[in-house]
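A.B. asks: Following the hints, put chains R, X and C in place on chain A, whose structure we already have.
Residue numbers (this note's numbering), protein chains in the order written: chain A, 22 to 385; chain R, 22 to 385; chain X, 22 to 385; chain C, 22 to 385.
In case anyone wonders, no lab produced these hints; they're calculated from the structure.
Same chains, same label: a pair holds when it works inside one copy or across any pair of copies.
In silico lysine-lysine, DSS-like type, Cα no more than 27 Å apart, as pairs: (1) Lys289 - Lys337; (2) Lys107 - Lys96; (3) Lys107 - Lys337; (4) Lys75 - Lys218.
Protein chains: 4
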Amino acid sequence: MSGNTLGTLFAVTNFGESHGPAIGCVIDGCPPGMALSEADIQVELDRRRPGTSKYVTQRNEPDVVEILSGVYEGKTTGTPICLLIKNTDQRSKDYGDILNTFRPGHADYSYLQKYGIRDPRGGGRASARLTAPTVAAGAVARKWLKEKFGTTFRGCMTQVGDLAVGFESWEHVPNNPFFAPVADVSALEAYMDELRKGGDSCGARIRVTASGMPVGLGEPLFDKLDADIAFAMMGLNAVKGVEIGAGFASVTQRGSTHGDSLSPEGFKSNNAGGVLGGISTGQDLEVSIAIKPTSSILTPRESIDMAGQPTSVITKGRHDPCVGIRATPIAEALLALVVMEHALRHRAQCGDVVSPMRAINGSA
Amino acid sequence: MSGNTLGTLFAVTNFGESHGPAIGCVIDGCPPGMALSEADIQVELDRRRPGTSKYVTQRNEPDVVEILSGVYEGKTTGTPICLLIKNTDQRSKDYGDILNTFRPGHADYSYLQKYGIRDPRGGGRASARLTAPTVAAGAVARKWLKEKFGTTFRGCMTQVGDLAVGFESWEHVPNNPFFAPVADVSALEAYMDELRKGGDSCGARIRVTASGMPVGLGEPLFDKLDADIAFAMMGLNAVKGVEIGAGFASVTQRGSTHGDSLSPEGFKSNNAGGVLGGISTGQDLEVSIAIKPTSSILTPRESIDMAGQPTSVITKGRHDPCVGIRATPIAEALLALVVMEHALRHRAQCGDVVSPMRAINGSA
Amino acid sequence: MSGNTLGTLFAVTNFGESHGPAIGCVIDGCPPGMALSEADIQVELDRRRPGTSKYVTQRNEPDVVEILSGVYEGKTTGTPICLLIKNTDQRSKDYGDILNTFRPGHADYSYLQKYGIRDPRGGGRASARLTAPTVAAGAVARKWLKEKFGTTFRGCMTQVGDLAVGFESWEHVPNNPFFAPVADVSALEAYMDELRKGGDSCGARIRVTASGMPVGLGEPLFDKLDADIAFAMMGLNAVKGVEIGAGFASVTQRGSTHGDSLSPEGFKSNNAGGVLGGISTGQDLEVSIAIKPTSSILTPRESIDMAGQPTSVITKGRHDPCVGIRATPIAEALLALVVMEHALRHRAQCGDVVSPMRAINGSA
Amino acid sequence: MSGNTLGTLFAVTNFGESHGPAIGCVIDGCPPGMALSEADIQVELDRRRPGTSKYVTQRNEPDVVEILSGVYEGKTTGTPICLLIKNTDQRSKDYGDILNTFRPGHADYSYLQKYGIRDPRGGGRASARLTAPTVAAGAVARKWLKEKFGTTFRGCMTQVGDLAVGFESWEHVPNNPFFAPVADVSALEAYMDELRKGGDSCGARIRVTASGMPVGLGEPLFDKLDADIAFAMMGLNAVKGVEIGAGFASVTQRGSTHGDSLSPEGFKSNNAGGVLGGISTGQDLEVSIAIKPTSSILTPRESIDMAGQPTSVITKGRHDPCVGIRATPIAEALLALVVMEHALRHRAQCGDVVSPMRAINGSA
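If we strip away everything but chain A, and leave its shape as in the complex, we get (with noise of 0.2 Å):
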């Protein structure tokens, strides 16, 4: 209840702070004998990596993960795997004169009115490091899920800051550190220079998918599928908005076009994202999320210190000028989470047996 395990069936728990001695997850409920190494892990740990081009935190660190539990002989047992990420690149000390201020739009305030306590290494458990253990946990259930039913996850960045990122294909996206569809970077580029010579930041929107969905996944009234995504996005540092399918661009339509028609072949169209009612259609999930700019920059900022004075705060440090870079890889993890656990749920109340229908139109 104190908030720290997202899911259920496939729980993981996630401890430890920015500047602690290690960050790490547990993961209780993956199904037993899945081939399961380090290197599974590591692949979709390097990908959100810091410290990987000049547009993200220069933090370096290697984030190399040891499985301390939960698989034996390379294969999973069906008990909980322990997932420990050392910290290596403590520099707390760049964090000291922030000690007694509030910085505007991070969780200083909140998190010292809430808890009494105040840590103020890195943001301590308020920091994106901690997405490092949902990364890992979520290249778990990537591995489960695309060998049970071939279902697979991608997202790239669709706009940052005012730049609209068009789609040209995903084979580009692995090529640039944007995560970004597009074969030539270099307007992303200018434009993350520009902001970061004038001390700003910006916020981005990023788009995830699941392709080769199972049909039938999501529980109804309220542990709905896009209802659980949403909750997962949301909670992604920095999301301050999420949509499925049409999104807010739903409001203009109208009914005669929202609803996606089916045909023999399957659905003619995806307004709806691969969910209705709470459930999965079997097309593709479609998300996409907004997340604000980074809150740390060198701008100064009108503030109050530890006594209610006014203050003006700076951040100095290692800080992506724009935090949305680096979600991608994030926000598939988590949506692949949020699958996983739904994937187990159904299986709990209605069997591994394949539903009649679903043979009918090929979308499963």
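C.D. replies: Same frame as chain A, now just chains R, X and C:
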């Protein structure tokens, strides 16, 4: 795990189908000793009730709530509160002709795929009728939060289809069937009339807020206050998008603008929407949701039948041209339920004691 | 978290008070597609019903169950099943004179201390009457488990006060009001008559078993099958002790005797009670519970009143001289609910597939 | 749901295997602001530690705990506390010869049936070694409960095999390896020596208590305090029976004796064991558990191999002749964890405020 309970400490378990004998909910975890009567709940149900204007479904249900348990001599006892609403208007015949097809935009297809069973009576469990118990439970949460913290919840329509609805005053909201914060709703009426004539429907955007928020509610890393708000809102029928604070507008904001400055008098703006790091700051919660167009329309839609053969579907019967019209009191109730849950969670871990910093800038 | 739900995947939320308008439960998670009628449930409620002999409370309640939701055309739909039992015999006047005192052995004192509220009507929420919805929910679980695995549940009285009840045959159990597995219950009748004349009560010991158990149910480290059985049984009104298999007798056993040997034909004894390492072995579950004497007796007891002053208490009204008499069908229901929960949990993580070793020695 | 978390509000997630690189746990929900050091935890781990006498397993593990997160500058922050204990003595070779057989009384058979995987290294996840993180987490709970309410936990051995151990004084308990409350343990030593010589083992009975209990803890109908105690105790390795208060002795008690009388000075006896209606009364919690004989013995046992063929099994290696000897500090820890969970649950629903009746008879 089958998804019919919202919340854990203030747990609302919803049951019933659109055309069964009754719908209702069981609230477990309500603090003892609060005065509670059926009238306290009925007032909110009446705000949500269908049949109150020509723009909403003409189903004529009184929606009278009965308290079956948990209240003794007018006070909550701390034991489960069962709220029952009998279904009185069950015109199942209206739905007979859709039994054999999948209605575009509806949950027919996904429900059948999941459960292998189809309850065609008014959408069965997928019906928006099931929001009535949620509104009833929300009334209980609202009462406790108001008495304990002075927290209040309000909502209004901000857009319907292409028509933006400006904000004039909260006072206008109860005076029109649209929950519009404007004095003159003739443009809205005309818009609705035209839609209805064309046999079509449109989407809407709704804003909900909480004022008088306690500071410190929300449980990071995962069960953040904003994450749970997104979960509750996206789980509401027809919702396709959720924003907190600046929402998707934060994509184009700069860090120097987005991060809300603090002064000795409090925060100077509210791009955060009342949540930082997943924890309430004491500012108003600001939430915006996108609601898709009603799927039940008179315009013929392309679909398939149960045998997978092409067919055309028209949904006759009593349907709102814009389901968003009635969403406001439901969204308020959901927000109240989320805040209630987090109020109890916070108390479990941190106690009733106000944190030492809370008085600093008057925001609590 | 307020403790009125048993189970998570097959979650039974109980509501109501002894003398309110109705009691009942909501079952969430029942697999879809199972034939279910009120008659399937009523048969178990009738076994538990008070007023069926002169040895049990003469409260005359028909305890008729109504299915309010979750069943369509005679089959479960996978949505919540609300079961309602109206209270028809609410002679609250019987309890008027005990309002101002604390009855020894009763929950008056602890409930008041916890909630600051006292519902004196027949024990309110603490009444054994609230086991009726549990029995009703158990009937649903029993039906599914029998159809799916052939699992069946039985129970009998093994001791009442100082009187040991030998085991002759399961066949006798339904033929006497004590659930005693003996042909001749005249000694039991004489024992009860004497107790009643003396205005006193006695305890009892009950045995419950499950046969045809699937192998592999139970979730170590904590949610072991035997741990959950102990939880369910100790939570039953008046239970003070729980044993699995050899139970307390294992204290004086030697390891060379206790550990059940295996042969190609299966286990050769059942000191384990069907559970090893918290996981079912396929042998019969064997559970034994101790039930304390009825607290409501005519013998005067020393106590205090609400002002803390000494007083004497006699509990008039209709009370069993041995609450254990009616416990058998309730304990069976609880055992079925625990097995059901673990059947679904097991399926979530390990799937419907039978594990490869299962056929080895015929125990599954 | 896969059963490796104990508690919900004070949630302890356990991970690791007997012979993996490390074992440990993550505590989520610890109240912030409590002073906590590794020394606070180590003292309890040292009480449990193997290798401290010739009567317990000679595995030589220092069991040094490391706090990886959740504590900053010596105080809990309210975020997850990860406790790590490295495995240093992993003599896996001892277990090589049992890989192909099922040891009577062990979990080999049921684990393999459930997961389809067998980790033969020291019992893998089923090893009693996994109680170490529970003891560590219990130390955190004990500290908070002592500081908040003055609640303390104690335990002792009351029987070993046929040998009843009388109660002389709590003072003797730390002075002998049996946790026996007697000054002279020579009879116990002789008993153990004889067992060991005979290559056999015996069971034990342990008593655990909590003093200084807050009134009002426990959540009926299902999550009763005694139900959760039974759950935690029955889940402990080798436990086959649990009693609260008079336990099985209540079967032969009369109602006139069993129900504890009240006087202005408090309860006059404690047959209830500190719980009425599932809620604590403020009296001492009194719990008794039965522990089966060690399954690993040198006496040959009849069994089958992985092919289902008959074979004989002897368990070599380092094993206690009575696993009950080391159970006392573990049972204390489990009792503390249950009380801690319920203290937080109670606070969630009823707040920190003391109930109005609490001062009446001095029991709180």
